[in-house]
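Undergrad: Spelled out, the chains give:
Protein chains: 2
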Amino acid sequence: MTSLKDHSVLQNGAGSDRIVISVDAMGGDRGPAAVVAGIAQSAQKNPTLDFILHGPEQELQKLVKKKRDLDGRCVIRDAEGVVKMTDKPSQVMRNGKGTSMWSALEAVKQKEATVAVSCGNTGALMALSMIRLRKLPGINRPAIAILWPSRNPSGFNVMLDVGADIRADAQDLLQYALMGTSYARNGLDLERPRVGLLNVGTEENKGFPELKEAFDLIAANADRAQFEFVGYVEGGDIPGDRCDVIVTDGFTGNIALKTGEGTAKLIGDNLKNSFSLSPLSRLAGLIALPALKRFQKKIDPRRVNGGVFLGLNGTVVKSHGSADATGISAAVKLAFELAQAGFGDRLAARVASAAELAQNDAAADDRDAEDKSKT
Amino acid sequence: MTSLKDHSVLQNGAGSDRIVISVDAMGGDRGPAAVVAGIAQSAQKNPTLDFILHGPEQELQKLVKKKRDLDGRCVIRDAEGVVKMTDKPSQVMRNGKGTSMWSALEAVKQKEATVAVSCGNTGALMALSMIRLRKLPGINRPAIAILWPSRNPSGFNVMLDVGADIRADAQDLLQYALMGTSYARNGLDLERPRVGLLNVGTEENKGFPELKEAFDLIAANADRAQFEFVGYVEGGDIPGDRCDVIVTDGFTGNIALKTGEGTAKLIGDNLKNSFSLSPLSRLAGLIALPALKRFQKKIDPRRVNGGVFLGLNGTVVKSHGSADATGISAAVKLAFELAQAGFGDRLAARVASAAELAQNDAAADDRDAEDKSKT
Numbered sequence: 001m002t003s004l005k006d007h008s009v010l011q012n013g014a015g016s017d018r019i020v021i022s023v024d025a026m027g028g029d030r031g032p033a034a035v036v037a038g039i040a041q042s043a044q045k046n047p048t049l050d051f052i053l054h055g056p057e058q059e060l061q062k063l064v065k066k067k068r069d070l071d072g073r074c075v076i077r078d079a080e081g082v083v084k085m086t087d088k089p090s091q092v093m094r095n096g097k098g099t100s101m102w103s104a105l106e107a108v109k110q111k112e113a114t115v116a117v118s119c120g121n122t123g124a125l126m127a128l129s130m131i132r133l134r135k136l137p138g139i140n141r142p143a144i145a146i147l148w149p150s151r152n153p154s155g156f157n158v159m160l161d162v163g164a165d166i167r168a169d170a171q172d173l174l175q176y177a178l179m180g181t182s183y184a185r186n187g188l189d190l191e192r193p194r195v196g197l198l199n200v201g202t203e204e205n206k207g208f209p210e211l212k213e214a215f216d217l218i219a220a221n222a223d224r225a226q227f228e229f230v231g232y233v234e235g236g237d238i239p240g241d242r243c244d245v246i247v248t249d250g251f252t253g254n255i256a257l258k259t260g261e262g263t264a265k266l267i268g269d270n271l272k273n274s275f276s277l278s279p280l281s282r283l284a285g286l287i288a289l290p291a292l293k294r295f296q297k298k299i300d301p302r303r304v305n306g307g308v309f310l311g312l313n314g315t316v317v318k319s320h321g322s323a324d325a326t327g328i329s330a331a332v333k334l335a336f337e338l339a340q341a342g343f344g345d346r347l348a349a350r351v352a353s354a355a356e357l358a359q360n361d362a363a364a365d366d367r368d369a370e371d372k373s374k375t
Numbered sequence: 001m002t003s004l005k006d007h008s009v010l011q012n013g014a015g016s017d018r019i020v021i022s023v024d025a026m027g028g029d030r031g032p033a034a035v036v037a038g039i040a041q042s043a044q045k046n047p048t049l050d051f052i053l054h055g056p057e058q059e060l061q062k063l064v065k066k067k068r069d070l071d072g073r074c075v076i077r078d079a080e081g082v083v084k085m086t087d088k089p090s091q092v093m094r095n096g097k098g099t100s101m102w103s104a105l106e107a108v109k110q111k112e113a114t115v116a117v118s119c120g121n122t123g124a125l126m127a128l129s130m131i132r133l134r135k136l137p138g139i140n141r142p143a144i145a146i147l148w149p150s151r152n153p154s155g156f157n158v159m160l161d162v163g164a165d166i167r168a169d170a171q172d173l174l175q176y177a178l179m180g181t182s183y184a185r186n187g188l189d190l191e192r193p194r195v196g197l198l199n200v201g202t203e204e205n206k207g208f209p210e211l212k213e214a215f216d217l218i219a220a221n222a223d224r225a226q227f228e229f230v231g232y233v234e235g236g237d238i239p240g241d242r243c244d245v246i247v248t249d250g251f252t253g254n255i256a257l258k259t260g261e262g263t264a265k266l267i268g269d270n271l272k273n274s275f276s277l278s279p280l281s282r283l284a285g286l287i288a289l290p291a292l293k294r295f296q297k298k299i300d301p302r303r304v305n306g307g308v309f310l311g312l313n314g315t316v317v318k319s320h321g322s323a324d325a326t327g328i329s330a331a332v333k334l335a336f337e338l339a340q341a342g343f344g345d346r347l348a349a350r351v352a353s354a355a356e357l358a359q360n361d362a363a364a365d366d367r368d369a370e371d372k373s374k375t
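Residue numbers (the numbering used here), protein chains in the order written: chain A, 1 to 375; chain B, 1 to 375.
Some hints here could point you the wrong way.
Intra- or inter-copy, both count: the list cannot distinguish identical chains.
As the list claims (entries may be wrong) - In the EDC-like style, the derived pairs of lysine to aspartate or glutamate whose C-alpha atoms are separated by at most 16 Å in a straight line are: (1) K111 x D165; (2) K293 x D269; (3) K265 x D241; (4) K293 x E203; (5) K88 x E204; (6) K88 x D165; (7) K109 x D345; (8) K212 x D169; (9) K212 x E57; (10) K62 x D17; (11) K206 x D87; (12) K265 x E204; (13) K293 x D345; (14) K111 x D50; (15) K109 x E337; (16) K84 x E203; (17) K84 x D165; (18) K111 x D29; (19) K88 x D189; (20) K65 x E204.
Keep in mind that the hints were calculated from the coordinates and are not lab data. Predicted model, so just to flag it, every value in this text is computed and none were measured.
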């Protein structure tokens, strides 16, 4: 029944410029009500959006019915299983079929939706994405990219990997540079993004030998891949304006991300406290409210909510586990923008052409070597 | 002449509870004037402090003469050479003699001063500290520890290593745990500090195999070294309240530190902008000023300025290169507190007893093995 109903709804939008987002309703800390509230917010703001929502049908039906903005624009796919935050990725890979997460990815695999959004368990989502969507040819390790508030005119930088894999060799870091460039070009509208490689200093002799190898590899590919390589950057450049794309392994990136988020949250809470210490400071806070709100909006992590999985046959947006309706809506907005820009296809084309060029180079090197051996 | 004068001044304080800090006047971004202004601030606030100041005598004499608070409390050691921010540590190790940095460390080595303070080149300062002060017996890699604003009652956490060495094996991380515990006990006044090992998740199966090895080693030593091991912590726990000491390698720690600092600075600047957009918001800012100042004081990195080099025969405080007078004064305050607590000797005793216990364990293991081979 569900699937029949699906088609009748989705075909309403077929042929038009409507964009379908596949949303995992389960697995977030705040439950499906927050997810449904979030997509309803998005639906209201953006009339070209449709949704396929995955989870226990009866529960979701009740929630969706209450939202008039979702009327006729949200199809429910019944999936009883839920991936929990504590589930191990390896378990989910074996037993994940029938979960809402699996179902959400399946809709992208079957090309019913352009992008999948989930606020569930990151490790499990990456593991399922790898087996359902598969890696792009030429990609060894997919990465999670995020937008980070920065001093750049766009207000953001792209950082990757923030936790898909704890390891990355020089080849992986080059692929991150290529994928990050694609993301910055589509997400931040930059023609020739500046790429930086994260290290503990900007001098060429700093850091591990593996980093120097990545440095040389990225530098050698900058021109043909149309990005500018600014060399090593430091932690302070992540929120800075020296580059647009910060490339690092998932261990370092994840710790930097969480340190930055935690610091921002601590500062925000301290600021709130400063304005509640005395009646006078509460009054001051009240008067300063518009300025404070402007400030909070600028640094609110919910408004830049969403890590994007790059390097797969299909785009997946990972929303924060603790995301509320505003956070979910931000993740859906990001998914919409990527879908609209045809990001998935462009990224695939870019990675494919880089792989081809590298192969041609290798072939040319072989020919050179042959020529030399002949002489 | 200088040394004669030195003694006549310093002997005034001998036998009393006066504390002498050795200060490198050169190498900071703001030059010796900021350093002299900083130590003058400290001298004014704290009447038990004396200084040995290292740098070009004539230049320093002029600056010191202008500060009445330093009258009779600051000896100048002539040193014409200056270690520049761009100098490589290896060069400085070979040719560093005669620099103000070398001279500042020498005063600690000769026990004329208890702690050395410098805002010069970190790599060079660590390299010179290693060759002049030498590593404590039982320490393989010294570490740089910092205090990080946190949600704990003390307002701070200790994190190490933030950049002495990019590598750390399991033994090193255990030593960081021991040294960090000592620092937290003295610097944050905690009897039984909680130690966390930085990772990308809190589950035991997360991260690199080397981290798991460190996890087991630290856990095994918690009781005898009188700290509580909370296990793995994440980037968000650095400004949090799950632990008091965060242990990590210098690569990860340095990037986390700089990401946190950069994020805090970006937020502070954004806040300032929010209050200057319109005449009304400027007025609001004016009324909110006391609350904003309270907030800024709480997060001002200048007020927690100073990384401490741990694991050497003598204590060295590294102040920010860009430190102004307030920053220098904060670093001197930290140096004073460490000197007063007899921190250097306590740390040495702790590390020595840990090394001894480990040796006893090894000997016991050998005996066990022998006993077994006999049966």
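Undergrad: Hints broken by the structure, by number, lowest first?
TA: 1, 4, 9, 10, 12, 13, 15, 17, 18, 19, 20
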